[in-house]
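Student: Just so you know, the protein sequences line up as chains A and B, in that order. Residues 1142 to 1427 (my numbering) are what the first sequence spells out, left to right. Residues 3 to 386 (my numbering) are what the second sequence spells out, left to right.
Treat the hints as calculated values from the structure; they're not laboratory data. Where hints are given, some of them may not hold.
[To be verified] Where chain B lies over chain A, by a calculated footprint (3+ residues, C-beta under 8 Å):
no., region
1, 1196 to 1203
2, 1374 to 1380
[What the hints assert, rightly or not] A few chain B residues that don't get close to chain A, going by computed Cβ distances all over 12 Å:
no., residue
3, Gln76
4, Asp94
5, Tyr184
6, Ile187
7, Asn207
8, Arg281
9, Pro287
10, Glu313
11, Arg354
12, Glu360
Small disclaimer: the values here were computed from a predicted structure and weren't measured. No residue lacks a Cβ here, since even glycine has one placed at the ideal position from N, Cα and C.
One-letter residues, chain by chain:
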Amino acid sequence: MQPRAAVKRPSIRVSDGQREAVSGLVLVLPALLVLCVLYIYPLCASIAGSFVSDEGIGLHNFAKAFTLYGTDILFTIGITIITLVLVFVVAVLTASFLRFRNWPFLNFVYRLPLFIPYLIAGHTMRVFLAPHGILNILISRVTGLSDLPGLAFSWIGLVITFVWKQFPLATLLILGAFQSVEDSYIEASLNLGGNKVRAVWEILLPICRPTVLVAMVLTFVSTIGCLTIPLLIGPSKPVMLPIDMAFRINYMGDWGVANALGVISYLIVIALSMYYLSYTVKKEDA
Amino acid sequence: MRRVLKTALLVTLVSMMVFSSLAMAADITINLVTAGDQNMVDLFNMELGPLFAKENPGYRVRVVGTGPGDPGSQQIVEKLLAQKRANRESWDIDVAVIHEIGASLALQEELLSQYAESAATFKYVTSSTAKTALGVDVEGYVIPMFHSQTVLAYNPNYIEEPPKSFEELVEWVKENPGKFGYNGIKQGASGVSFVASWLYWKTGNYDIYAVTGPFDEKYMESWEQALAELREFDSYVTMTSGNAATLDMLSRGEIWIGPVWVDMFYSWVADGRMNPDFRLCLPAPGMCGQPMYYVIPAKAANPEAALKFIEFVTSPEIQAKYIVEKFNWYPGIDASYVQEYLPQETWNMVFRDVGPEELANYARVFPIKDYYQAMMEAYEHAMR
């Protein structure tokens, strides 16, 4: 019996390469399934759903989205870009400072917002920045001025909250990258008469560009898709797109326009990343 | 030794099976599904369910929540509809607690049992909401669990005489810009109520929009003008970002008056988040409120147990202690039956500013579904 079995075995034996491919596939399968079910399927469904409305298949939802929420689309883009720029500035400043000087207190404090959920961050800022909030009460006590305007429920309060909540993650990433750049590069530039600002701008940032890009993309995506913070502290008109989406679904059961607004947000994200990528590529060519 | 152990094990197993089957025979589980916020789930799960089980041994209540607002009610209707379409013999919901929209949808699909008149507590049910919901005749199919009402809450430090009507309110708002706050139609029905009430006031078509119908474009022609006037009014007001934000700004003194849900207002007072001196008023020609209903699905597995539970929770004692005293809603049954079970101070507090008579005159319901949707859409168009 045994020899016969030994003869048969080679015919069903798979090559090592194939076996590796199969076991590799089996290993990634759970992750792939989760990705398909929770991400790719909803994405396709939302894109497909954006073309379906009571009037049939077509661009009706997009037409409605642009007429009703055109201002909100522009507002969302504006807030997100302002937030992005400010997060970049604050994160790079903090990271540069910590790159050159070891200050454990700052190193600890800047990370705190990372551990605060969006909901709490929004509520904290709302209590802090409201017209009769803690900040204005303190200012009134010190200066004697009363009836100060509040920053909450305006775009300024919204941006302040976003920046406060988003800059720690960007700083964490950028600081890590900055610290992996060897001191010798910076020392060389300082020896040749450069200052620290130039060292950051012309040495650290270019070397760390991939990480900075990742930090900025993460900031951008989590800002444009955030519902909680605009809900808690943003103005009630205009509003960010997630609020409009929630409204169409919760109050009107209108998934079509909500999906159209979703697709518009995807397009905004794609457009801005394309712009950024082509810009950096151009810069590299030059 | 081994045999002894084996026998002991066998005896234990058999007796466990016997007892558990006995216990099962004695236990009837009432499956209750409720729309609404977490407070609704907690009310049934922690208070009413255990209390009912304690007074009626052999019953237990299992509670599932489907989430706040109309979508929560719609989920319940969809679940029942799916079981109906699958031709199930018995459905897995015995008692459902739903909004007006849920009741009207469920009735159109013939998902509800006509149980109300057989309930011992039906004699206490007097409100008009037990007769129609969003224009649909629901009489006999529902018993209201509670009524909630939107009113104007105001800060008496700045407003001595509250506006008695929408005309007076508009006048006051123009004299005091920025001190009236509401949330538009996003993130809270207190604002939706204000917008609907504005349309009722401006058009005078309340009955058509909310009670009788029919749905017809011609009744919406005046909306453009009414909403344009609302837009002008809005330039004198503070737009808040939701039900809670209106209360929040009111309590900090940033606005002096605004539409709120009565029950939310009193809960905030009870939690110490709202000045108890603040007052309420219900201006003519009225503002919207809504009930939630107890219903029994047409093919509930335990209809008798469900009825028993509903009779229990719509009894005047329970309505007084839980619905009014604990949650600050207006009772689902007639308030006059509830009064004797309430401490005088609670009665005085709940009906201090807006009494039963004003409620009878000025409590409105939300527009019927088609007008409701059209109103939202028209508002978004007018305010863009």
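Student: State for each hint whether it applies.
Tutor: Structure-based check of each hint:
no., hint, in the structure
1, 1196 to 1203, "violated (count 0)"
2, 1374 to 1380, "holds (count 6)"
3, Gln76, "violated, 7 Å"
4, Asp94, "holds, 24 Å"
5, Tyr184, "violated, 9 Å"
6, Ile187, "violated, 7 Å"
7, Asn207, "holds, 21 Å"
8, Arg281, "holds, 20 Å"
9, Pro287, "holds, 24 Å"
10, Glu313, "holds, 34 Å"
11, Arg354, "holds, 26 Å"
12, Glu360, "holds, 28 Å"
Of the numbered hints listed earlier, those contradicted by the structure are 1, 3, 5, 6.
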